[in-house]
Amino acid sequence: MKKTIAIIVLLLAVIGTFIFSYQYRNNKISEQISDTSSTSAQATDNTATVTDSKQQSSNGKRQLITEDKENDYQLYYDGKNVDIIHGEYTITCTTWGYSIDSETPEIFCKDYDGDGEKELMIKLVNGKLETVYNKDASPYTYSLYMLKPTTKSNGEKTFAMYIASADTWKTPFEKAINCELTQLKSCSKFLQFAMNDKSETIKYNEKTGITSNKYVGYASALFDVNKKYYTLSRWNRGVGIYDIDKNGDIYLDIQVLANYEETTDTQYIGDIHCEMDVENGKFDIKPNSIVFKAYENYKVTDPRDLAKSKWNCVIDNKSTNTNFKSS
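Going by the numbering used here, the first residue of the sequence shown is number 1197, and it counts up by one from there.
None of these hints come from the bench; they were simulated from the model. Being a predicted model, the structure only gives us computed values, none of them experimental. Please note: incorrect hints may appear among the correct ones.
Said to hold, decoys possible - For lysine to aspartate or glutamate, the following EDC-like pairs were computed, each having C-alpha atoms within a straight-line distance of at most 20 Å:
no.	residue 1	residue 2
1	Lys1348	Glu1313
2	Lys1306	Asp1363
3	Lys1385	Asp1461
4	Lys1319	Asp1441
5	Lys1399	Asp1498
6	Lys1478	Asp1311
7	Lys1371	Asp1393
8	Lys1306	Asp1268
9	Lys1314	Glu1302
10	Lys1423	Glu1457
11	Lys1366	Asp1461
12	Lys1482	Glu1457
13	Lys1314	Asp1268
14	Lys1331	Asp1461
15	Lys1442	Asp1473
16	Lys1482	Asp1363
17	Lys1482	Asp1441
18	Lys1410	Asp1498
19	Lys1366	Glu1471
20	Lys1276	Glu1299
21	Lys1344	Asp1311
22	Lys1319	Glu1471
23	Lys1314	Glu1458
24	Lys1495	Asp1461
Please put together the full structure from these sequences, using the hints given.
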């Protein structure tokens, strides 16, 4: 009996030593990874908290969720935290769980700010759309994160992070662009969306009511069962959704929504489509890149082409909104 007890005690001691050794080895590995990095956040976004990985690291079972092998970037997820690794640079994002669980982030490497060095761009789910107007599009809104490896004068390695939240686009757009949505009264099928510089007045032809503005697009209004077109009462902007193409170029689509006097239905008529770039650490709309793209279901023939062929339609245009301010 005493011999049996002695054997059990010896086994427990061996197991205890093994567990301590295993935990110590893993902790040392974690410390080695964590000690290589600190972070410098250049913007604030409630969807992400980036911590100095000397203070916090992911100790759960990490899984590689996406990587760029050519540029040596990896994203690991442990069910709670996300570790971003680039050689000796490592940061931990502690509030990306919802985003990662919703959709795997897309990553791109390219020289976004024109300094001759590649940065990492991450497209991450920000939230879910309350109303999905385009069934073929993503049901999510996104934020963009640009990570730039930097080394301080004292040799400390760190990441500068630049963030475009779901609403970052609003300020530069509203300061720069004047928009109007009108309906051609005598030809109420046509909704006319015109844009110009903030300081410029959008002008209309007195005979046709068609704008002479060069930034313009058209869509079809909604109609009733008798194919009588509804009367436009107001327009509104919906959300802005970022996207990145296969070349890593950034785009923004801002929903354009129309409401009518005869129905409570909201019509998604299309998007204001813009290209975006990064200058001096800020996301901005690229000049001369803004166009209106009608939703496929509401595309119409350009009435300016019809007007050239003696389309006699005298119209008193009804502007429901200006300066891209929604009520």
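So, going through the hints one by one against the coordinates:
1. Straight-line distance between C-alpha atoms of Lys1348 and Glu1313 comes to about 16 Å, which keeps the hinted pair within the 20 Å bound.
2. The straight-line distance between the Cα atoms of Lys1306 and Asp1363 is roughly 24 Å, outside the 20 Å bound, and the hint therefore fails.
3. The suggested pairing of Lys1385 with Asp1461 holds, with an alpha-carbon distance near 17 Å, which does not exceed 20 Å.
4. A hinted pair counts as satisfied when its Cα atoms are at most 20 Å apart, and Lys1319 with Asp1441 qualifies at roughly 11 Å.
5. Note on Lys1399 and Asp1498: the hinted pairing holds, with a Cα-Cα distance of about 17 Å set against a maximum of 20 Å.
6. Distance check on the hinted pair: Lys1478 and Asp1311 sit about 14 Å apart at the alpha-carbon level, within 20 Å; holds.
7. The straight-line distance between the Cα atoms of Lys1371 and Asp1393 is roughly 9 Å, inside the 20 Å bound, and the hint therefore holds.
8. Taking the CA atoms of Lys1306 and Asp1268, the gap is near 13 Å; set against the 20 Å cutoff, the hint holds.
9. Annotation: proposed proximity of Lys1314 to Glu1302 holds, straight-line Cα distance about 16 Å (limit 20 Å).
10. Restraint check: the Cα-Cα separation between Lys1423 and Glu1457 comes to about 16 Å, which is no more than 20 Å; the hinted pair holds.
11. Under the criterion of a C-alpha separation no larger than 20 Å, the hint pairing Lys1366 with Asp1461 is inconsistent with the structure, at around 25 Å.
12. For the given pair, Lys1482 sits about 36 Å from Glu1457 by alpha-carbon distance, which is inconsistent with the 20 Å threshold.
13. Between Lys1314 and Asp1268, the direct Cα distance comes to roughly 11 Å. Compliance with the 20 Å bound is thereby established for this hinted pair.
14. Between Lys1331 and Asp1461 the alpha-carbon distance is near 17 Å, which keeps this suggested pair within the 20 Å criterion.
15. A hinted pair counts as satisfied when its Cα atoms are at most 20 Å apart, and Lys1442 with Asp1473 qualifies at roughly 16 Å.
16. Note on Lys1482 and Asp1363: the hinted pairing holds, with a Cα-Cα distance of about 17 Å set against a maximum of 20 Å.
17. Under the criterion of a C-alpha separation no larger than 20 Å, the hint pairing Lys1482 with Asp1441 is consistent with the structure, at around 16 Å.
18. A distance of roughly 13 Å separates the Cα atoms of Lys1410 and Asp1498; the hinted pair therefore holds under the 20 Å criterion.
19. Under the criterion of a C-alpha separation no larger than 20 Å, the hint pairing Lys1366 with Glu1471 is consistent with the structure, at around 14 Å.
20. Restraint check: the Cα-Cα separation between Lys1276 and Glu1299 comes to about 14 Å, which is no more than 20 Å; the hinted pair holds.
21. Among the hinted pairs, Lys1344 with Asp1311 is consistent with the structure: their alpha-carbon atoms are about 11 Å apart, no more than 20 Å.
22. Taken as a hint, the Lys1319 and Glu1471 pair is honoured in the structure, with Cα atoms around 15 Å apart against an allowance of 20 Å.
23. The hinted pair formed by Lys1314 and Glu1458 fails the criterion: a straight-line CA distance of about 53 Å is larger than 20 Å.
24. Using a Cα cut-off of 20 Å, the hinted pair Lys1495 and Asp1461 holds, with the two alpha carbons roughly 19 Å apart.
Hint check: violations occur at hints 2, 11, 12 and 23; the rest are consistent with the structure.
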